[in-house]
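Novice: The residues making up each chain are set out below.
Number of protein chains: 2
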Amino acid sequence: MTKVNPDLQRERQKCTFDVEEMTVLYDGGEEKTAQRRSRASVMVSNVNYYNGVPEYYLGSKEKHEESIRKSVIIFGLVRKMQQEGRTKVTDFRHVLQCLLGSAVTYDGTSMVLHYLMVMPAIISQGTEEQQAYWLPRAWNGTFIGSFAQTELGHGTFIRGLETTATYDPGTQEFVLHSPTLTSTKWWAGGLGNTANYAIVVAQLYTKGKCHGVHAFIVQIRDEETHHPLPGIKVGDVGGKLGLEAVNNGFLVLDHVRIPRNHMLMKHAQVLEDGTYVKSSDSKLIYATMLFMRVVIVFDMVNYLSKAVTIATRYSAVRRQTPVRQDGPELQVLDYLTQQNKLLITISTCYCIKIISEIHWDTYDEINEEVANGKLDRLPELHALVCCLKAIVTSDTAHCVERCRLACGGYGYMLSSFLPSLYGQVTAACIYEGENTVMLLQTARFLLKTWQRIDSHTLPPTVAYLKMASTEGFTKWEKSATGIIRGLQVVAMRKISACAAAMEKRVSSGMSIEDAWNLSSVQLVAAAEAHGRVVLATYFYEGATRVIAKASSSAGVVLRQLLELYLVYWALQSLVDLLKYTNISGRDAEELQAWYEELLVQLRPNAVGLVDAFDIRDEMLHSTLGSYDGRVYERLMEEALKCPLNKEADYSAFHKYLKPYMQGKL
Amino acid sequence: MTKVNPDLQRERQKCTFDVEEMTVLYDGGEEKTAQRRSRASVMVSNVNYYNGVPEYYLGSKEKHEESIRKSVIIFGLVRKMQQEGRTKVTDFRHVLQCLLGSAVTYDGTSMVLHYLMVMPAIISQGTEEQQAYWLPRAWNGTFIGSFAQTELGHGTFIRGLETTATYDPGTQEFVLHSPTLTSTKWWAGGLGNTANYAIVVAQLYTKGKCHGVHAFIVQIRDEETHHPLPGIKVGDVGGKLGLEAVNNGFLVLDHVRIPRNHMLMKHAQVLEDGTYVKSSDSKLIYATMLFMRVVIVFDMVNYLSKAVTIATRYSAVRRQTPVRQDGPELQVLDYLTQQNKLLITISTCYCIKIISEIHWDTYDEINEEVANGKLDRLPELHALVCCLKAIVTSDTAHCVERCRLACGGYGYMLSSFLPSLYGQVTAACIYEGENTVMLLQTARFLLKTWQRIDSHTLPPTVAYLKMASTEGFTKWEKSATGIIRGLQVVAMRKISACAAAMEKRVSSGMSIEDAWNLSSVQLVAAAEAHGRVVLATYFYEGATRVIAKASSSAGVVLRQLLELYLVYWALQSLVDLLKYTNISGRDAEELQAWYEELLVQLRPNAVGLVDAFDIRDEMLHSTLGSYDGRVYERLMEEALKCPLNKEADYSAFHKYLKPYMQGKL
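As given, the protein sequences belong to chains Z and U, one line each in that order.
Residues in the first sequence are numbered from 56 upward in steps of one, following the working numbering.
Residues in the second sequence are numbered from 56 upward in steps of one, following the working numbering.
Bear in mind the hints are in silico, worked out from the structure with no lab data behind them.
Note that the structure is predicted; figures quoted are calculated from it, not measured.
Just so you know, nobody snuck in bad clues.
Which copy? The list can't say, so a pair holds if one copy fits it or any two copies do.
As a list, the in silico EDC-like pairs of lysine to aspartate or glutamate whose alpha-carbon atoms are at most 20 angstroms apart:
id : residue 1 : residue 2
1  : Lys396    : Glu489
2  : Lys710    : Glu121
3  : Lys69     : Glu652
4  : Lys701    : Glu117
5  : Lys696    : Glu117
6  : Lys634    : Glu644
7  : Lys288    : Glu688
8  : Lys634    : Glu645
9  : Lys338    : Glu487
10 : Lys559    : Glu652
11 : Lys288    : Glu693
12 : Lys710    : Glu279
Working from the sequences, and respecting the hints, build out all of it.
Specialist: In structure tokens, the structure reads:
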């Protein structure tokens, strides 16, 4: 057995709770822990993923081939699971999550959209007949699909998409066409060189009339040769900051014909003669479209828990600078400034883990109502999904980057895995809805809610607005619930201030649209304040339930994590608390002291808390973060794998350097 | 001539000032503009740098060769400049800066340390004889040097370095040795496969006694064959987030012997018999070591001005979502939320440009005093250099990343150049002194200053502390000087609060070291507050001088930029202003309104202001940011350069995908 770094060993001895218990609490029960471990072990131990040279040294073509080689292994396992009957959405969610995915493919996979967008689209938008035809083929991987919606010129504004699908009743076909450069489909994952089919979102024209965007299944490559079919120009969009293996593609269609029944027709049909029939509420599609944004929130903690595991273990191993002349050098983790960077991230992991389960359940519940025709909570769901997506992804990106910087220079090395993690999470701030746009959508709902606050019963997630506005704010209270109440008042007051600002602008003669734009910085802030209330409330409620099940030693620490999170966000919201509640300067100082006390209390359990995430070394993929703490050894071993070091290749020297040194160049 | 995007054209027509005048004001005079343009044109137009395939698609070996090919071209030009007699430090500073460097080599160069650290070290630490020997060779590039100080186990804490240099009087040689794994030299730029000499920093042992760290010139590779010399293990440290071309290396020395006169002996000598003689104050070295940190501040604006040029032009070209049903889609730049992201960054560019000139002059002045034996302003200089390095690099990284995110998905594409810019600036938050450590060093000086505030005349950059503490704060004033005064009071009060907290902890029996650590979050914040005062003051003073020279149309806009910057930072400091000054809630709201007014005022000049940075397309290196605004065309052209698209290569399909789809894998 490998020797564990003695500093890490000591950290583990110091831990005041049972790590296995914490793992089970974190996972949500023994069964879930067992399932997760079994999945991980199937994924990791059955196959040899590593091919000798770390992928980041390869050229783009070799990288692509490597990623396809691995994707096929992973999705072979997924197919096996399906054949064994484990085909619930949650099963796939777990398998496909980055916790496994990114560990094995390092930087995403080009086949994930097939499962996460193509199949859900067929299920939600295809007729029963279409589902019966396409779904078994999709499960089997008989074809690999991509989902092509965004275009060069349009992402956020779907109505502005330019690709056309024109029905030709003569041949009973749709003619798919890209009329302009900006109508080029762009970004679709796997579309570059992997997928041979794509769901293409296009403006439907029939009988000379446009009926808005609809989805069409388009074969793009020959199944035998993989050559693009006639009229199709397809390829990779080119180098990206991260997620290189995702193989995002572009697609240009030149009058490409597809059979009529390749339009997904659950909610609208084009009949043989070209008659357009709308058969159900388009809002039904809408609820399904929110699915990805909920999955993203769920997914973030997998990246974040990796980042903070790496940074925390490294900070326990790394020693730098004695505090006393000639004393021993301190573990970096002993510096309060380092605790300040890492402990809030650990507590954010516990928060996101807990809130994303609640968020998932809320989504499930409302989605089921919607499927049964009860649509009244749909606007609430939409507002909730938008702001949690925005806040959780941006908090995660911020925290991952803080972890990376907390590892000093080594966080800059790819072998730490931290740059790759950042590349993956920062992408989530943009895809499936850019975060500023997301927050503005939530703000729109909040303002509408505010306007009807006196006359309506408010939906659960905004019910606090009424309470906060009618009861007013009496007294600042230094407690978890006191902070939540303070945050509620802040959100309420920020929303009401937005409403007032809008009203003032409109009554001075400005158009609603211009007033909205001029208020938008404020509106974004109000939506964020609302999101903070939801996060704080969900975390408080969820953690309280977990603590009730925990031993006292684990419960104490979970409580500290909860409090750290709440106090941290209270401090971040201090300007607003000072403005909108009766918190005093002294109260604020007490909050800061409370925060620092919590850092000191949590410090001895830092390593235990990240150990409890129970992330296997093979998935952590990091020279800095492995369980045994062999940081320096691994850094050296990884450096030696660099192709520049493997063989003595002096061609650059002889070609350029030497002539230069000799004055010949 | 290429057609300019009509939206960009319109932006330029709207501009209220003369762009050429603004460029000259920004550069600091017509002569400087002319020089900069002539350097740029030499660098860019004489050589064909581009080799067909964008570098980021290459494997590590090809990338290395490409970067050496280009470096040799650049440094050939540098050598030519030197031969023409232009060898002042400022000349080289300009040439080597990223403005040129990163444009041509894309991601740094492995030879820059030779000029920026090796040559300055020889000048500042070598005897006249040593300089006479080594400098001409260094200028000519007869050898290429690297500077090897940091080790695997030690970066910040230089006294902890483990590499030894033991003098052997028998052969009159030093024996350089790496006694442990953690003593492996790590990070040195160009050390990997480029340099054939290195300045190695090691613990000097002679006559059985250690005399601390000194610098030694060590030949590491054969000049003819480039093979590492006996006893030397050297190579590249491996993949990094960015700056890949810098070829950072590791170095392990196994009893490597060098002649006695390869120790740099200006300030300390080892005589032939091994006697150690210290001849001058070690603080003299210290002032020179600050050089790099000053250069870094100077350098940041070159990255930042590129990032914001790219993001601003893109935001003028990009249209998304009509505000009115069926109205035209808005330029993204018209959204207040986008202005909120970009305009502060434009004003930060003008700020950094102006303050870094003042900073450079201050450094020059004090450095000259030090060289003449007058050391009393050295601690002030050190504190100043540390906090400006930390704040300017972290602000720059933050702003570059905000620009990247403001470009939505396209900011994630390498062809935007934004990921590369972020990779370069985030590195500066760590190298040459990690930012948190830097701020703590400033805090140490501030606390010492505070303790002597009554009895001493304070040095210029902290003189405001006395004024702010004795005069107190009477009345908040909504003006540029009012804000600066408010920030001064904040810094003063934060420093005094730190002093009080330290005193309280120490008087309760805590050691000074523990008290320091427990106060360190607060200390970092105090040092940052001080840095904000310096930045605001320098910018105010510098901008006022520039405005005095400007036409009224340019002056008005410069004044808006100055005010935007000050108001922004007042709003960021609002908690402290509320806590420490008598600013009221209404004042705070007025500040916010002022900020938003400034956004609206500056909006029409956004493109003009980035045009005034006058960055050539070849240096901007971006699909999104070029002068003509052909954004979508360039995105498509760049995508087609991806090797995955160039030839029809279906090997990954036939090897893996097809067998998988057919159920054989």
